[in-house]
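Q: Residues per chain are reported as follows:
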Amino acid sequence: MNDLLFQYLLRLGDDSLILGQRLCEWCGHAPTIEVDLSLSNLALDLIGQATLFLGYAGEVESGGRDADALAFHRDAEDFRNCLLVEQPNGDFARTMARQFLFSSYQLALLDRLCSSADGRIAEIAAKAVKEVRYHADLAADWVVRLGDGTAESRGRMIEGLDDCWRFLDDLFAMDDGERALAAAGIAADKAALRPLVQGRVEQVLRQATLSMPGLPWQVTGGRTGRHSEHLSRLLAEMQVLPRAHPGARW
Amino acid sequence: MSKDWPLWEVFVRARGGLEHRHAGSVHAPDAELALRHARDTYTRRMEGVSLWVVRSADIVASDPDQAGELFEPAASKVYRHPTFYDLPDAVKHM
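Those protein sequences? They're chains A and B, same order as listed. Under this note's numbering, the first residue of the first sequence is numbered 5, with each subsequent residue one higher. Under this note's numbering, the first residue of the second sequence is numbered 5, with each subsequent residue one higher.
Treat the hints with caution; some may be incorrect.
What the hints assert, rightly or not - Looking from chain B toward chain A, a few residues come up when the C-beta cut is under 7 Å (computed):
| id | residue |
| --- | --- |
| 1 | His-26 |
| 2 | Val-30 |
| 3 | Asp-44 |
| 4 | Arg-48 |
For the record, the hints were derived by calculation from the structure and aren't laboratory data. The beta carbon of each residue, even a glycine, is placed where N, CA and C say it ideally should be.
Chain A with its partners taken away, still in its complex shape (with noise of 0.2 Å):
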């Protein structure tokens, strides 16, 4: 059981940390220095959820690892977040469309692990859920702003939500182990989230006057390690430098 909720914690840590480093590479040139700042925010609020996860997550590892170890000396394929958030940005569009998607669905997981039978997952839900609801609401406003703006805007968030639509399965996707913490009251079972997620989306797009895009082919595995070659060079940037001077302090 330890080892399944060992993996559970880095698939909840891994999101909020790789999806928090993607959001950084926005800082300096974000449309506007309001926006620069509040996508820094997101980064900011992401990064300080992958520390509690992975902080726990080593705990019940009891392998002397701590969060930073975890998150920084870990290769490509011992990481377990899901495929949406390691995509490139893109333009401002695109990532706002990314952001959509993974903060409705981190809003909907975090509201069930706020009582999960795990009671520190549910302390760091509990935390998180109201960064996230703001996450989820400004996310879904540019959503709307953009796709009921201008021509050109219309089209960039309909590319942007076509991108991310191909990663769906995998950001729900369960396997055994998981389904077993879900029967235990601990993990959230994402299948019974996926209803609730698409209702939410299928109403923001409703408001931005898009349509819901078809379900493409699905790409999968990054639950299992199996991930696209974007997140090799961001781990790349991320780690060099606490691999460079392992230990070093400021």
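Place chain B on chain A using the hints.
A: Then chain B, alone, in the frame of chain A:
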């Protein structure tokens, strides 16, 4: 992009019971996004519990060139402060 957006003045209430105070300004296309930008720019270090945003263009300001006639005459009128007056001892609780 931001130069196409109007400017909004941001007022932050630091704690319940205190007044909203001017914190700065943000660019935003409308009031809703102005509030979001204000939240992300001026309350990220626990500075506030409530926000107001006002279109900068809607604020009517006094003319700095008129500062002389507007504000200087008050300088010589210390009797407008209640502390100017000596109260007889018989008057209590003032």
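Q: The structure should be examined with respect to each hint, and the outcome stated for every one.
A: Against the structure, the hints:
For B/His-26, the interface hint is violated, since its Cβ never comes within 7 Å of a Cβ in chain A; the closest pair sits about 17 Å apart. Checking B/Val-30 against chain A by beta carbon gives a least distance of about 5 Å; that is within 7 Å, so the hint holds. Contact between B/Asp-44 and chain A, as hinted, is supported at the beta carbon level, the nearest pair being about 4 Å apart and thus within 7 Å. Interface restraint check for B/Arg-48: the shortest CB-CB distance to chain A comes to about 6 Å, inside 7 Å, so the restraint holds.
Checked against the numbered hints given earlier, this structure breaks only hint 1.
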